[in-house]
Structure formats: structure tokens, C-alpha cells
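Asks: If you want the building blocks of each chain, they are given just below.
Protein chains: 2
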Amino acid sequence: MAFAEFRPLDEKSLVEYIKYTPALASKLGDKFDDLKIREVGDGNLNFVFIVAGSGGSFVIKQALPYVRCIGESWPMTKERAYFEAVALKEQGHWCPGHVPEVYHFDRTMSLIGMRYLEPPHIILRKGLIAGIEYPLLAEHMSEFMARTLFCTSLLYHSTTEHKRAVAEFCGNVELCRLTEQVVFSDPYKVSKYNRWTSPYLDADAEAVREDNDLKLEIAELKSMFCERAQALIHGDLHTGSVMVTRDSTQVIDPEFAFYGPMGFDVGAFLGNLFLSFFSQDGHANQGNDRKAYKEWILQTTEETWNLFQQKFVNLWNEHKNGSGEAYLPAIYNNDVLLELVQRKFMKDLFHDSLGFGAAKMIRRIVGIAHVEDFESITDAGKRADCERRALNFARMLLKERQKFEGISEVVSLVRKLN
Amino acid sequence: MAFAEFRPLDEKSLVEYIKYTPALASKLGDKFDDLKIREVGDGNLNFVFIVAGSGGSFVIKQALPYVRCIGESWPMTKERAYFEAVALKEQGHWCPGHVPEVYHFDRTMSLIGMRYLEPPHIILRKGLIAGIEYPLLAEHMSEFMARTLFCTSLLYHSTTEHKRAVAEFCGNVELCRLTEQVVFSDPYKVSKYNRWTSPYLDADAEAVREDNDLKLEIAELKSMFCERAQALIHGDLHTGSVMVTRDSTQVIDPEFAFYGPMGFDVGAFLGNLFLSFFSQDGHANQGNDRKAYKEWILQTTEETWNLFQQKFVNLWNEHKNGSGEAYLPAIYNNDVLLELVQRKFMKDLFHDSLGFGAAKMIRRIVGIAHVEDFESITDAGKRADCERRALNFARMLLKERQKFEGISEVVSLVRKLN
Ligand SMILES: Nc1ncnc2c1ncn2[C@@H]1O[C@H](COP(=O)(O)OP(=O)(O)O)[C@@H](O)[C@H]1O
Ligand SMILES: Nc1ncnc2c1ncn2[C@@H]1O[C@H](COP(=O)(O)OP(=O)(O)O)[C@@H](O)[C@H]1O
Ligand SMILES: [Mg+2]
Ligand SMILES: [Mg+2]
Ligand SMILES: [Mg+2]
Ligand SMILES: [Mg+2]
Ligand SMILES: [Mg+2]
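In the order they appear, the protein sequences are chains A and B. Reading the first sequence from the start, the letters are residues 1129 to 1546 in this note's numbering. Reading the second sequence from the start, the letters are residues 1129 to 1546 in this note's numbering.
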């Protein structure tokens, strides 16, 4: 058989693969003459091909046994494709409107076939850099997070289902370790992988490495990341894992998925909105001072959390007599008490989210993987100014997160800082 | 083959089983003529046989597919014997001085052969009821807890080892669910399984079920129990799972083992010492007012925590440059910082332990499974007085645990209450 063993595909061999795979061939109406295949992967890890012909289209994502942006010197299990496929299907099940449909998965080939998110879909991060407003973004992302996190937690399912799923995703350990390293460790120590806008931020990077209070807090978050199997989290929910149009919001790339703390996802998204905010001054020009856009970002951030909280609690109320085993109805049997536990739950989740969000910001400024929001600011001095403001805010947030009562306080502070 | 399928053994069929099992037969020097076999299981779940002859001895523990003290109407996987065997070996590896050696395990038969803890070993709970002092108890139990918890946590091993082990113990889900039910749920709701010294404690039991603040706190602990894979915990570390002589302390019965919060073990042990303390007035008589003994219990409780803390931190310091991935030496690279994180870690663990300890106390007074410390007080009014004091203390402790700075404060309060 042609593909009985793993092999990396290219534009040419992919045609053979598709012809040999009915689930994919049929998506093209079995028409191959006018097929166009283009590798478009701009992420750090994998290869992504757009396959389109007159009969239909799809995307093929293949994992190779190393980190794409580094090369074969940084091995990384290609089994991550398996966990991505399982997570895509699970998240698609709970939130079909915001996850591309999976057409095909081949474990041997570490290969996923899924819906092609056709133009005008673009990566959200690029839209934010371009200064485009997405009026439904907060609505859609809060929906995605509330539904996927709630429905994979003990608020919705039984301990038996939970432990089975937790055990399965323990298999995605290599990707978890990568996060541990690049988010929770490297930025706080000398590492050959770290980089920053030098020499401007040399002292700032050093200050991060010497901030004992910060290192105390990051330890707590790292433990939570490693130990707390609260829900199936996406694991990489930055603005580069979201594709958008004005009307559509689609979450891709959950290869880091595992059972972890909910706040890691919520924080990743909020933190990346803050990164975008702090980068805007670097993109301002005479035609557009980005003032209104910055305000839109802040409003969207606030709205995302508020809608998330609302939707999450609504799901809870809707399913409070369901099979979730965390809060049995016979115990949490009065409105006062239910509100009390929900308030406490959401407050803790809020603080977790702020902490993880801050950690994600810090690592994007002094760690290995930077974000295009800042990288595309060509003037290094200007870029460093933006980055420093973001970094200082994030350091404060990581250390003081417990003091914030609500998202509006955080957003007000950001508004003041910039 | 005679034992190719599971079957419950009795004194007679056990002889056949032993003859057919070289690992066991050899422990008896292959001498069967003077063999004495006695079923001695006094626990809630399983059957335990003491097998002794002139050539040697051992204990056989077999799990049946239901809860022994309830009967076949409460099914319970016999696979628990597998997890007990794995945990016994793991704990024995880290702390051989305080865990009986496993000679044999048969998964098909759900059967463990282990060292017979020969007389004068008795169950610690019985020793405490008899008013016997064990001068090495705090030293030994702190050693057992510090070593088994530290060495199975991310302070000692890598994320890769951790996730593999976590996944395996997710399989012990039925036992976890039993704990969820009897410790974290039933006492806080109406349940046919609950019982208490009625009518004396009717109002007290009802007050537990209607205490919103208490139910808020137990929810937090339950979540931690279900979600936080901090270390391989024993899972049932009460004073009935410890066998003692003046010189020896042996921890048995880890069938509830899984990767959970460390505080659940520490709390179980401390909480059961407090239960013993509060039961002592019920055992006082003209010959012995138990005053000195009560003081010994409090001193032992205090010493257990203090030694545990000391040993745990010593292990941490000893292994701070080892393969544990929680606190990398390149980050936690100065004494001030290391002390800071250790102090925070131990403070959190202390509060977790108080919370879980309190929960374990409450469930022994108003839940399904009671303790002999109180049950053996025949005068119901007297028993209820003892139980009420314990219950009130535990309710306070569960709600106010964060306010205690150290174990001496807790112990002082107990001294004052009784
Ligand atoms: N379903 C899709 N439809 C359209 N484009 C996609 C799709 N999936 C991925 N892409 C494109 O490929 C890029 C890389 O995909 P991603 O899943 O993020 O890979 P990586 O894991 O390497 O980061 C995305 O930024 C996007 O431009
Ligand atoms: N290794 C042993 N040596 C001596 N007696 C033992 C041993 N293991 C168990 N026992 C006796 O059997 C009783 C029940 O054992 P245990 O392991 O606690 O079973 P269960 O899981 O049913 O609670 C103990 O209380 C103790 O009296
Ligand atoms: Mg990506
Ligand atoms: Mg990716
Ligand atoms: Mg027992
Ligand atoms: Mg037991
Ligand atoms: Mg037992």
C-alpha cells in the first residue's frame, strides 16, 4: 500500500494521497484535473496545504516529527496530530459554529483533512494588525470558550468520563512539556532560545529573570498547568489560532490540547488581545492614529470576559440537574448557595485567566516565540517602547491579579497605562 | 489450570492456591502440614487471610467485586487490588521501612500476597483506643508521607513520568468515585447511607446539610480531589490503615491510591488523630482519666506535621538540582527565592491538609462509615457529646483553615475546646 508508513508529503505526493483516500477524493467530486495545491503553513510547527479544485476544497495539515520553525534539531512527536484531531472533533461537537469540520484523519501519516476556511477568512492576528474591527468576535470567542470548557469539565460530565479523557490526553505530554518550557520556564532564566528587542529591552529581560515575586507566581501557575485537569483546553488559544471574517470566527490548531486549567485558554486569548493593544502605537500613522481601534480592542476584551462569564454560568444553570458530578443538586439545592459557589468559581477562574494571560504576554516579549503584532513594527526603538509597556503591565498583572475584582478594572488600568 | 479465572477464595481453596503458586509456597519453605489460615479482615472492603506455618508466613488480601461491609448490592471493581499492589510497591520503593513487602500479585484473582505484620503489630486505631503511646509514630508517619508524596510529585520526577503515572491511576476511578461520594457528597445531603448517633446529633447533622459556607468549602476541596494530580496519594490514610508496635509503623491498604492532592493524605492522618483525641473522654474511667494521653495525642499531631514539613523541605533541598521539573534550578537559583517558594508551598499544603482533615472528620460522624474510636463508646449520650465536639471543631476548621498560621495554633485551639 502506498501510504502504509509515515512519510512527509509535498504538493505532488499529496495528489496521490488524495486519490487513494476516498473521504478526501469525494470532497473534490473526484475531479483532479484542475487541482491547485499550495503549502501555506505560517505556524511554528506543521505543514498546511490548501487543496482546491472545481469540485471542492479542503485543507491538509501534516505533523512532521520535529518543530518546523527550528528544524530536525528539535524533535517533536508527530502524534500531536492525533490529539489535534481528537480535540478538533470534540470542540466541533460542542461548538460546531466555530470549529472547522474534520473530514479525515490518518494516524499513520499524522495527517488531518478539514474544511478549508476560504477567503475572506484570515488569521485574526493579521486582522488586528491591519486594524480591522470584528463586531462578533467577543460573542463568538466567548461562545467557543464557554461551551468547550464547560462541557468537558466535571460541571457537565461524570468522574468516570472525566478520568478516561484525562488519561487519554496525558499522552500529549510532549506538547505539554513544550509549553512548560517556553511559557513557564525559559523567560525566567537564561536560555539560548530567548530573545528580545536588544539592546533596548536587555535590562527589562534581566529584570524578569531577577524578579523573585514574579518567579513565585509563575511557579504557582506552572503547577496548576501541570497538575489541574479541569477541562479539555485548546492549549494554544492565541490570536494566531483563530481565523475570522466579519461574520465568522473559527478556532483552529488545538494540537496542544489536554486536560488542564480553563484559565489557560481564557488567559491566552485575553492576553493576546492586550498584546495587540500595546502594539497599536507601532502601527499608527498619519492616516490612522489607531486611537479608536485601541478602544475597540479594549471593549472587545471586556466584552469577551463578560460574555464568557455569562454564557458559562448560563450553561451551569441549564445543566445544574444534569450528570455533572462536581456540584450535586441535592447539595447545592438553594439559589443563594448556587449563586455563592458560582461567584466563587468565576472569581477564581478570572484570577487564573489574568495570571495565565500575563504569562503568555511575557513569554511573547522575552521568550522564544514572538508575535507578529510587535515583530512587524520595523523601527526597533518604537517596537521596544510598545513591548516594554506590555511587559510592565503583564508583570504587574501576574503579581497583583488577585486584587482585581472584575475585567473593567483591568481594562481601565490598561487604558491609563497607554 | 485451577485458577485461570477469578474466584473468591476461602481457607480451604487458598491452600490449593498457595501450593500452585511457587512465590507463595516458597515463603512457607514448601511446608503445608502445619499450615494455619485465618480470615481476619476487619476493613470495609476486602478479605484478608493470615497464612502461617512452621516454615514461614504471609498475608493474602483478596478483593471481591463488591463492597464487603455492604454486600453484593454495592458492586465495586476488583481491579482495585491491582492499584493497591502497584501503590504498595511504589510506596515500598520510596519508604521500605514503613510498607509491608509484596511477595506476589495475581491480577486475575485480584489477590495480593504480602508480609504478615506479626504480633505485637496491631491496628493503630485500636492502640489509640486502648490508650497506648507510640513514641516513634510521628517520626515514622512523617517519614512515610514526606517520602511517598515528595518522590511521586513533580518536585522529584519529570512531566513525562508524571503524566504516564497519572494516566495509569486514572484507571482507579471507581475508588475515587466512592471517596467523592462518602467524603465530599453524602454528609452534605440527605442520603440513605448516612447515619449518626440519633437522636442526639439529629440537629447537628441537619446543620451540616444546611451550612452554605461549609458546602462552599467542601466544593473547593472536592474539585481539588478530582482535578489536582499532585502526587501518588494513599487515598485512605486513616489510623485503621496503619499497623504499629512500639518500634514499628507500617502503612497498609492503599487501594484508593491515585494521583491526587497531597493534603488528602496528610489531612486524613491528622484528622483521625483529632478524632481519637475527641473520643478519649468516652474511654476515660476511674483508673485512667486519659488526660495525659490526650496531651500525647496532641503532641504527636503537632510533631507529625512539623516533622513532615521538615522532612519534605529537606528532600526538596537535597533534590533541588535533580530531575524534578516543577522548580528548575536555573530559575529558583537563590536562597531567598527558594525559601520563599518552599514557604508558600508548605503553607498551601498545610491549609489543604487542614481542610481535607476536617472533611474526613465530618464524614466519620454524620456519613456512612464511622470509626471505632467513637463506636466503642457504649453510652450513646456520652458518645454524642464527644462526636459533637469533634464535629464542631471540624466544621470550624473547614471554614476557617486559611486563618491558621501553623499547627501549634490548631492544637492549642483543640486543647481549649476540650
Ligand atoms: N482550515 C484552514 N483553512 C484555511 N487556512 C488554514 C486552515 N488551517 C490552517 N490554515 C492556515 O495555515 C496556517 C498554519 O496552521 P496552524 O494550524 O496554525 O499550524 P501550526 O500548528 O503549524 O501553527 C494558519 O495560520 C492558516 O493561515
Ligand atoms: N500485612 C498484614 N499483616 C497483618 N495483618 C494485616 C495485614 N494486612 C491487613 N491486615 C489485617 O486485615 C485488616 C483489613 O486489612 P485492610 O488492608 O485494611 O483491608 P480493607 O481494604 O478491607 O480495609 C487490617 O485491619 C488488619 O487487621
Ligand atoms: Mg498555529
Ligand atoms: Mg500549532
Ligand atoms: Mg482497611
Ligand atoms: Mg481501608
Ligand atoms: Mg481498604
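Take the hints with a grain of salt, since some may be wrong.
Since the list gives no way to pick out one identical chain from another, each pair is judged satisfied if it fits inside one copy or across any two copies.
[Claimed, not checked] Pairs of lysine-lysine, DSS-like flavour, derived with a Cα cap of 25 Å:
id, residue 1, residue 2
1, 1531, 1439
2, 1317, 1527
3, 1527, 1147
4, 1531, 1475
5, 1531, 1472
6, 1448, 1317
7, 1527, 1140
8, 1527, 1475
9, 1472, 1527
10, 1147, 1472
11, 1217, 1544
12, 1439, 1317
13, 1472, 1317
14, 1320, 1448
15, 1419, 1254
16, 1419, 1510
17, 1527, 1164
18, 1419, 1164
19, 1475, 1448
20, 1439, 1217
Hint data in this document are derived by calculation from the structure and do not stem from the laboratory.
Asks: Work down the list of hints and note, for each, if the structure agrees.
Replies: Results for each hint:
no.: 1; hint: 1531 with 1439; result: within (24 Å within a copy, 34 Å between copies)
no.: 2; hint: 1317 with 1527; result: within (18 Å within a copy, 39 Å between copies)
no.: 3; hint: 1527 with 1147; result: neither (55 Å within a copy, 65 Å between copies)
no.: 4; hint: 1531 with 1475; result: both (11 Å within a copy, 20 Å between copies)
no.: 5; hint: 1531 with 1472; result: both (14 Å within a copy, 18 Å between copies)
no.: 6; hint: 1448 with 1317; result: between (45 Å within a copy, 16 Å between copies)
no.: 7; hint: 1527 with 1140; result: neither (52 Å within a copy, 66 Å between copies)
no.: 8; hint: 1527 with 1475; result: both (16 Å within a copy, 18 Å between copies)
no.: 9; hint: 1472 with 1527; result: both (20 Å within a copy, 14 Å between copies)
no.: 10; hint: 1147 with 1472; result: neither (54 Å within a copy, 59 Å between copies)
no.: 11; hint: 1217 with 1544; result: neither (42 Å within a copy, 59 Å between copies)
no.: 12; hint: 1439 with 1317; result: neither (39 Å within a copy, 28 Å between copies)
no.: 13; hint: 1472 with 1317; result: between (34 Å within a copy, 21 Å between copies)
no.: 14; hint: 1320 with 1448; result: between (49 Å within a copy, 22 Å between copies)
no.: 15; hint: 1419 with 1254; result: within (18 Å within a copy, 74 Å between copies)
no.: 16; hint: 1419 with 1510; result: within (17 Å within a copy, 74 Å between copies)
no.: 17; hint: 1527 with 1164; result: neither (51 Å within a copy, 65 Å between copies)
no.: 18; hint: 1419 with 1164; result: neither (41 Å within a copy, 88 Å between copies)
no.: 19; hint: 1475 with 1448; result: within (19 Å within a copy, 34 Å between copies)
no.: 20; hint: 1439 with 1217; result: within (21 Å within a copy, 47 Å between copies)
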